[in-house]
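Engineer: Could you put the whole structure together from the sequences, leaning on the hints where they help?
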Amino acid sequence: MTPDSVRPERSAVIAAAVTVVLWASAFVGIRAAAPHFAPGSLALGRLLAGAVTLLIFLLISRQGLPPRAAWPGIVISGVVWFGGYMVALNWGEELVDAGTAALLVNVGPAIMALLAGWLLHEGFPPRLLAGMAVSFAGTVIVGYSMSGSGGSSVLGVVLCLVAAVTYAAGVVAQKPALKHASALQATTFGCVIGAFACLPFAGQLIADVRAAPVAITLNVVYLGVFPTAIAFTTWAYALARTTAGKMGSAAYAVPAVVVLMSWLILGEVPGWLTLAGGALCLAGVAVSRSRPTRARHPEPAEATRG
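In this note's numbering, the protein residues as written are 1 to 306.
Keep in mind that the hints are not guaranteed to be accurate.
[Claimed, not checked] Simulated restraints, written as ranges between beta carbons of each label pair:
#1 L273 with A133: 14 to 24 Å
#2 G203 with P67: 27 to 37 Å
#3 V140 with R62: 43 to 53 Å
#4 L264 with P67: 39 to 49 Å
These are computed hints drawn from the structure, not numbers from a lab. As the structure is a computational prediction, the values presented were derived from the model and not from experiment. Ideal Cβ positions, reconstructed from N, Cα and C, are used throughout, including at glycine.
Structural biologist: Pasting the structure below:
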């Protein structure tokens, strides 16, 4: 390995670490804001803050509008990923703790591979199907562990799984757009479109801002600037300089960081059965993404969320 190749690898590791920490903080920030902001208004507030920040980045970089060919993927990912995902996750975190939400949402890469096999005709290798079965068993255990807390917690589990599906669908939709637009262009206008999709919650956002403590409102701004604008940008930077497999492995660290942050900041820790089920979910994702050692093909690029 030459010195020129080591430097980008090191910068990618640093960027990936920043992404992991910021995305993990998003789960804790959403949980803290949930008592004061409705799911839709929280999504809109976060997206507005993120869109303004990203537009500033875009103006500084002078990249302009994406080509016409990129817009279908950007629009779909904006509505499904930035809009639908955030509303579902915010609602889910009203009902389950941040650590449990992070464990469930991180089945997204396995769902992404399943959608790619169906929509992009990439096939269904046995490891993918086996991994999905393991992850499904994990989600059943998590659901069972939460059932003792009442029906609302089970609904929270379902909503977090809906968030995982919308996240995966958004990434699959965005992949064709990245052939024509830069990562910053796709992220910026996806965020803007997500904000437009959430505009029906504008009245609720105004009411929530008026009633919420200033610290909580600043937390919503933080969610937009750091876990959305900055973390998505550092993710794209890292992804351009390393393989999707390495970045996918880095994303596995998010739930562990969330559990630690949630314990230190919110005093919340998932139960042992929930943690065991979540670990099984992540193990299933690892199996679904693994490849036989004899196969050494380049991996397609992908993105993930916070």
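Engineer: For a quick check of understanding: which of the numbered hints are violated here, in increasing order?
Structural biologist: Every hint satisfied by this model.
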